Each structure stands twice: as structure tokens, then as C-alpha cells.
Amino acid sequence: MKNFPSLRSNTDFQKVYKNGKSYANKALVMYVYKNELTYNRIGISVSKKNGNSVVRHTFVRKLREIFRLNKIEKKGLDIIVVVRVGADVKDYHKLESAYLHLLKSHRLDKEDVEKIK
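Counting from 0, one number per residue, gives the positions in the sequence shown under numbering that gives the first Met the number 0.
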């Protein structure tokens with residue numbers, strides 16, 4: 000299995016939370032912060048209020064796959080996706096549309112990376 004480019008350390012998460020720009024919808028909250036790397040990293044946060052470990056890991060797997068399939072052309076971004084309580088784990092397409100909506104909110108589908116800190 001290949002390594003997945005993810006945020007792992009608490010300091011990386013805190014840096015993105017503190018300095019990044021955030022947008023939200025009913026299911027997800029997305030924080031984006033520019034890093035100095037040549038690739039994008041993603042961090043996924045799912046609260047225990049969303050369900051047991053099986054449910055939480057299902058969210059993580061689905062969001063990781065959504066990230067992999069919907070490549071962002073802009074490189075050098077740290078992205079944190081927080082799953083809100085009450086999001087529907089069963090419907091992959093609703094989760095994907097919520098993710099794509101947040102990408103449009105952050106203007107990551109266009110050439111506007113300079114507007115992100």
C-alpha cells in the first residue's frame with residue numbers, strides 16, 4: 000500500500016486551524032492553508048459523537064477516496080476536513096457533493112491559490 004499524503008502531527012493540525020481559511024456546509028467543515036511542499040496533504044477529523052470507530056473509519060475511508068479521485072491542480076496545500084455530527088455516512092454521493100462544494104468555496108477548482116494565506 001502506498002503512503003497517503005496526510006497531516007499527522009498535532010502541530011500541523013493546529014497550524015492549519017489557526018492560520019487557515021475555513022468554509023463549512025451542513026456535512027463538512029474545510030480548512031485550507033498553504034504549505035511549502037510540492038504536494039497536497041489532507042487531515043480528516045471525525046468526532047466520537049458521529050458514532051463508533053467503525054462509522055468514524057468509514058467516513059475517513061470515503062473522504063480519503065474522494066480526495067484521491069478529485070485531484071486538486073494546485074499544489075502545496077494543507078487541507079483539513081472535519082465531519083460534522085449528523086452527516087450521513089451511508090450516502091457517498093452526498094459526502095462527495097459536500098466536499099466538492101467546499102472546494103468551490105475555497106476556489107480550488109480555479110487558479111486562485113494566491114488568495115489563500
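A few of these clues could be false.
Computed beta-carbon distance windows for the label pairs [unchecked claim]:
| id | residue 1 | residue 2 | range |
| --- | --- | --- | --- |
| 1 | His56 | Lys25 | 19 to 27 Å |
| 2 | Lys74 | Phe12 | 19 to 27 Å |
| 3 | Asn69 | Lys20 | 12 to 20 Å |
| 4 | Val28 | Phe3 | 18 to 26 Å |
| 5 | Ser52 | Phe3 | 14 to 22 Å |
| 6 | Arg83 | Lys103 | 13 to 21 Å |
| 7 | Glu35 | Thr57 | 26 to 34 Å |
Here are the simulated EDC-like pairs of lysine to aspartate or glutamate, each with C-alpha atoms no more than 16 Å apart in a straight line [claimed, not checked]:
| id | residue 1 | residue 2 |
| --- | --- | --- |
| 8 | Lys103 | Glu72 |
| 9 | Lys14 | Glu35 |
| 10 | Lys33 | Glu72 |
| 11 | Lys74 | Glu35 |
| 12 | Lys48 | Glu95 |
| 13 | Lys70 | Asp87 |
| 14 | Lys61 | Asp87 |
| 15 | Lys73 | Glu35 |
| 16 | Lys47 | Asp87 |
| 17 | Lys93 | Glu72 |
| 18 | Lys25 | Glu72 |
| 19 | Lys25 | Asp87 |
| 20 | Lys61 | Asp90 |
| 21 | Lys61 | Glu95 |
| 22 | Lys89 | Glu64 |
| 23 | Lys25 | Glu95 |
No lab work stands behind these hints: they were computed from the structure.
The structure displayed is predicted, hence computed values, not measured ones.
For every residue, glycine included, the Cβ atom is placed at its ideal position computed from N, Cα and C.
Hint-by-hint comparison with the structure:
1. In this structure, histidine 56 and lysine 25 meet the distance hint of 19 to 27 Å, their C-beta atoms being roughly 22 Å apart.
2. In this structure, lysine 74 and phenylalanine 12 meet the distance hint of 19 to 27 Å, their C-beta atoms being roughly 20 Å apart.
3. Between asparagine 69 and lysine 20 the beta carbons are some 19 Å apart, a value that agrees with the proposed interval 12 to 20 Å.
4. Remark: the range hint 18 to 26 Å for valine 28 to phenylalanine 3 is upheld by a beta-carbon distance near 21 Å.
5. Separation of serine 52 from phenylalanine 3 is about 19 Å and conforms to the stated range, judged on CB atoms against 14 to 22 Å.
6. Between arginine 83 and lysine 103 the CB atoms are about 18 Å apart, so this pair conforms to the stated range of 13 to 21 Å.
7. In this structure, glutamate 35 and threonine 57 meet the distance hint of 26 to 34 Å, their C-beta atoms being roughly 33 Å apart.
8. Pair hint lysine 103 plus glutamate 72 holds up; C-alpha atoms about 13 Å apart against a cutoff of 16 Å.
9. For the hint pairing lysine 14 with glutamate 35, the CA-to-CA distance comes to about 13 Å; that is within 16 Å, so the pair holds.
10. Restraint check for lysine 33 and glutamate 72: satisfied, since their Cα atoms lie roughly 14 Å apart, inside the 16 Å limit.
11. Taken as a hint, the lysine 74 and glutamate 35 pair is honoured in the structure, with Cα atoms around 9 Å apart against an allowance of 16 Å.
12. Note on lysine 48 and glutamate 95: the hinted pairing is violated, with a Cα-Cα distance of about 21 Å set against a maximum of 16 Å.
13. Simply put, lysine 70 and aspartate 87 have alpha-carbon atoms about 23 Å apart, too far for the 16 Å limit, and the pair is violated.
14. Our distance criterion of 16 Å between C-alpha atoms is met by lysine 61 and aspartate 87, whose separation comes to about 12 Å.
15. The hinted pair formed by lysine 73 and glutamate 35 meets the criterion: a straight-line CA distance of about 12 Å does not exceed 16 Å.
16. For the hint linking lysine 47 to aspartate 87, the alpha-carbon distance of about 15 Å falls within 16 Å, and the restraint holds.
17. Restraint check for lysine 93 and glutamate 72: not satisfied, since their Cα atoms lie roughly 23 Å apart, outside the 16 Å limit.
18. Between the alpha carbons of lysine 25 and glutamate 72 the distance comes to roughly 26 Å, so the proposed pair goes past 16 Å and is violated.
19. Distance restraint check for lysine 25 and aspartate 87: the Cα-Cα separation of roughly 10 Å lies within the 16 Å cut-off, and the hinted pair is therefore satisfied.
20. For a cut-off of 16 Å, the pair hint linking lysine 61 to aspartate 90 stands: about 10 Å separates their Cα positions.
21. Of the supplied pair hints, the one linking lysine 61 and glutamate 95 holds, its CA atoms being roughly 9 Å apart against a limit of 16 Å.
22. Taking the CA atoms of lysine 89 and glutamate 64, the gap is near 15 Å; set against the 16 Å cutoff, the hint holds.
23. With a C-alpha separation of about 13 Å, the suggested pairing of lysine 25 with glutamate 95 holds against the 16 Å cut-off.
When held up to the earlier numbered hints, the structure conflicts with 12, 13, 17 and 18 and fits the remainder.
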